[in-house]
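Chemist: The residues making up each chain are set out below.
Number of protein chains: 2
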Amino acid sequence: MRSDYDREGAIASLRTERRARFDIVRSSVLAGPLVSELESLTKGRPALVVVSPTVERIYGHGLRSILVSGRRRNLVHLIQTGEKNKSLESVAELLEIANKFRLSRDAMFVGIGGGVLLDIVGFAASQFRRGTGHVKIGTTLLAQVDAAVSIKCGVNIGTSKNLAGAFHPPERVIVDGAFLRTVSERDIRCGLAEMVKLGVAADSGLFEGLVRSGRILLDSDARDSDPARELVDASIRGMVGELAENPFEHDLSRRVDLGHTISPALEAATGYKLPHGEAVAVDVALSAVISNRMGILDDMGLDSVLELFRGLGIGTWHRLLEDFALIEAALDDAEAHRGRRLRLPLPLAIGRTVFVDDREDLPPSLIRESVAQLREASE
Amino acid sequence: MRSDYDREGAIASLRTERRARFDIVRSSVLAGPLVSELESLTKGRPALVVVSPTVERIYGHGLRSILVSGRRRNLVHLIQTGEKNKSLESVAELLEIANKFRLSRDAMFVGIGGGVLLDIVGFAASQFRRGTGHVKIGTTLLAQVDAAVSIKCGVNIGTSKNLAGAFHPPERVIVDGAFLRTVSERDIRCGLAEMVKLGVAADSGLFEGLVRSGRILLDSDARDSDPARELVDASIRGMVGELAENPFEHDLSRRVDLGHTISPALEAATGYKLPHGEAVAVDVALSAVISNRMGILDDMGLDSVLELFRGLGIGTWHRLLEDFALIEAALDDAEAHRGRRLRLPLPLAIGRTVFVDDREDLPPSLIRESVAQLREASE
Chain D
1007 MRSDYDREGA
1017 IASLRTERRA
1027 RFDIVRSSVL
1037 AGPLVSELES
1047 LTKGRPALVV
1057 VSPTVERIYG
1067 HGLRSILVSG
1077 RRRNLVHLIQ
1087 TGEKNKSLES
1097 VAELLEIANK
1107 FRLSRDAMFV
1117 GIGGGVLLDI
1127 VGFAASQFRR
1137 GTGHVKIGTT
1147 LLAQVDAAVS
1157 IKCGVNIGTS
1167 KNLAGAFHPP
1177 ERVIVDGAFL
1187 RTVSERDIRC
1197 GLAEMVKLGV
1207 AADSGLFEGL
1217 VRSGRILLDS
1227 DARDSDPARE
1237 LVDASIRGMV
1247 GELAENPFEH
1257 DLSRRVDLGH
1267 TISPALEAAT
1277 GYKLPHGEAV
1287 AVDVALSAVI
1297 SNRMGILDDM
1307 GLDSVLELFR
1317 GLGIGTWHRL
1327 LEDFALIEAA
1337 LDDAEAHRGR
1347 RLRLPLPLAI
1357 GRTVFVDDRE
1367 DLPPSLIRES
1377 VAQLREASE
Chain R
1007 MRSDYDREGA
1017 IASLRTERRA
1027 RFDIVRSSVL
1037 AGPLVSELES
1047 LTKGRPALVV
1057 VSPTVERIYG
1067 HGLRSILVSG
1077 RRRNLVHLIQ
1087 TGEKNKSLES
1097 VAELLEIANK
1107 FRLSRDAMFV
1117 GIGGGVLLDI
1127 VGFAASQFRR
1137 GTGHVKIGTT
1147 LLAQVDAAVS
1157 IKCGVNIGTS
1167 KNLAGAFHPP
1177 ERVIVDGAFL
1187 RTVSERDIRC
1197 GLAEMVKLGV
1207 AADSGLFEGL
1217 VRSGRILLDS
1227 DARDSDPARE
1237 LVDASIRGMV
1247 GELAENPFEH
1257 DLSRRVDLGH
1267 TISPALEAAT
1277 GYKLPHGEAV
1287 AVDVALSAVI
1297 SNRMGILDDM
1307 GLDSVLELFR
1317 GLGIGTWHRL
1327 LEDFALIEAA
1337 LDDAEAHRGR
1347 RLRLPLPLAI
1357 GRTVFVDDRE
1367 DLPPSLIRES
1377 VAQLREASE
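Just so you know, the sequences run in chain order D and R.
Mapping of the first sequence onto my numbering: position 2 corresponds to residue 1008, and the numbering continues sequentially without gaps.
Mapping of the second sequence onto my numbering: position 24 corresponds to residue 1030, and the numbering continues sequentially without gaps.
Don't read these hints as lab results, they were simulated from the structure.
Keep in mind that the hints are not guaranteed to be accurate.
Copies of one chain are not kept apart here, so a pair can be met inside one copy or by any two copies together.
Claimed, not checked - In silico DSS-like cross-links for lysine-lysine, where the CA-CA straight-line distance does not exceed 27 Å:
1. 1106 x 1049
2. 1158 x 1090
3. 1090 x 1106
4. 1106 x 1279
5. 1106 x 1167
6. 1279 x 1167
7. 1279 x 1090
8. 1279 x 1158
9. 1049 x 1279
10. 1090 x 1049
Bear in mind the structure is a predicted one, so any value in this text is a computation, not a measurement.
Pulled out of the complex, with its shape left as it was, chain D reads as follows (with noise of 0.2 Å):
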């Protein structure tokens, strides 16, 4: 870091690097580990633990009791979650909470719940004192594999998802396969679909391990068990691997975003009824099917696709596909996200992926056709 003044008439110039780096580690939330994972990252300093409706119903009192107790410091505080809270107004709480409980520069944010609360989080610890520390606890599946490995928070504004959001890297993720088991089967699946999205995308030996052994997860007493295990933590590092080329998005075609173009529109046409993984699926399944009447994805890859959703019991057909107006208008919304190019990811083989930059090469005609293919396929 340094001054210069090398620009002719600059008055000055300033020069900013920033690093982080941090670990995702396995370990025992609701036993001591925690305890001692904190007070190693936070020095002795209080953390202001954050948890979901659902976390503090199943697990609030075994949360409450390793946390707080005896000499321990530590706040639990409670906020609602769903998508219409993911909001300034949760952050503000969150804020002034941290600010009322005094909490320092050099103290801790700590959420425990799954996706939405640990956006709240991440980006309310974004903000206080411009920026502290945070560790990230996924209590779903989806939350495990894929927004607790993200460094990316952010909230909503009135009906525009991540309006207002941030980069914020966590200090640490704890991965722990032991809150899996109260995991309703449809959020199972939900997980499973970001899974399915990140192996078609890019690693296509998370895309077998998904086949050979994918239904596992929907095995609630099986969860947490070694090959469960062994297909979280390849998500994991297949995640890790896409961010860790590319975290702040300078590079606007990214892999990961397969399934991630025409979903946003599905769910907020159906005012976030449709789950987050659902909708990932139908879009996954959809630019499979248009990558495959373009050309670039051979039947087998599609019909594999098609078939991996179909075996763990994941659907790929929405009615709201039949709007057409709603498919160019979350095309239209990609192009202004990602520097007024499409980039839409489309699966060229099992773990490998193109871009289409241009609107031109996704004719009204060939969008139509796939839908009607898809829903035939879906039946």
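For chain D, the structure is supplied; the task is to place chain R on it using the hints.
Modeler: Frame of chain D, contents of chain R only:
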């Protein structure tokens, strides 16, 4: 940027590194150069130009005629300023405008106004698409030497100042002395107070310059003259020098925090009727007296600080200093904000600073006697 697995037992690790670099340049905003600066920064993308009511009233017509004429697609948007509008609501307003305007990631926010406006615009830019570029153009002396150069931005929540914030380096800072002509003498003195602070804390050359010719900035016709520009540029370079060593404030002992320990409480207690610069001047003067009574700053040093303030017509007394509980609460807040140590900057000599870390070194009697001495010296 790479991921690795070198922590024993870690599923994965992620390292991130983020670099930024910006120039602070003089340019004429109200003539053509602004347009070409923006064109080169945004590569022709539209900019969202945000102005304060004062800028709108005095310069709005001229700005619009150069920014949105003919083929330019820049949008000029007015937001309300003042401490009470430095809020999450103002940030949300800008994010919604940017979204409606379909600003892309490679577009630019441009803030033209005082410190409050620049703080709001910078914070909105830091959040839009998780970080969009912005250009800072300060129109007051205080904004030009302080807020515009800083990489900090943020807003208040309720009565908690800057409770939500971020570090977000701008793409460019443009300084235009033409704006200073219309700044009130009182506001010019607020800017001078921050310049004096920087001189006392870190830059004896700047201090001498202010002794020699600081009053030139009080003459509205001379504010854009060469000697005035030299003073402003010296102040900006001094500030950049401080920031360059410690842009993200990992070191919480900051010389530029001189005058920023008691002043936030004074401002808050007056409902922000007391301007920031005037509060800073009082705090700097009290710090100098305390330092003198502790045997750190010699009598000559103390006299020169008080004389410079007097010479520039800047008050160094406020009756709220006699509210001892207010001062104690301000010291408590500083400790919480500075990582649980006081880190009170005190002048050792002109341009040199020491830090007092321990509250025990500031017994109540010392503070009371210093307040009494300052009151007498300020009469």
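Chemist: To test your reading of the hints: which numbers does this structure violate?
Modeler: Failing hints, ascending: 9 and 10.
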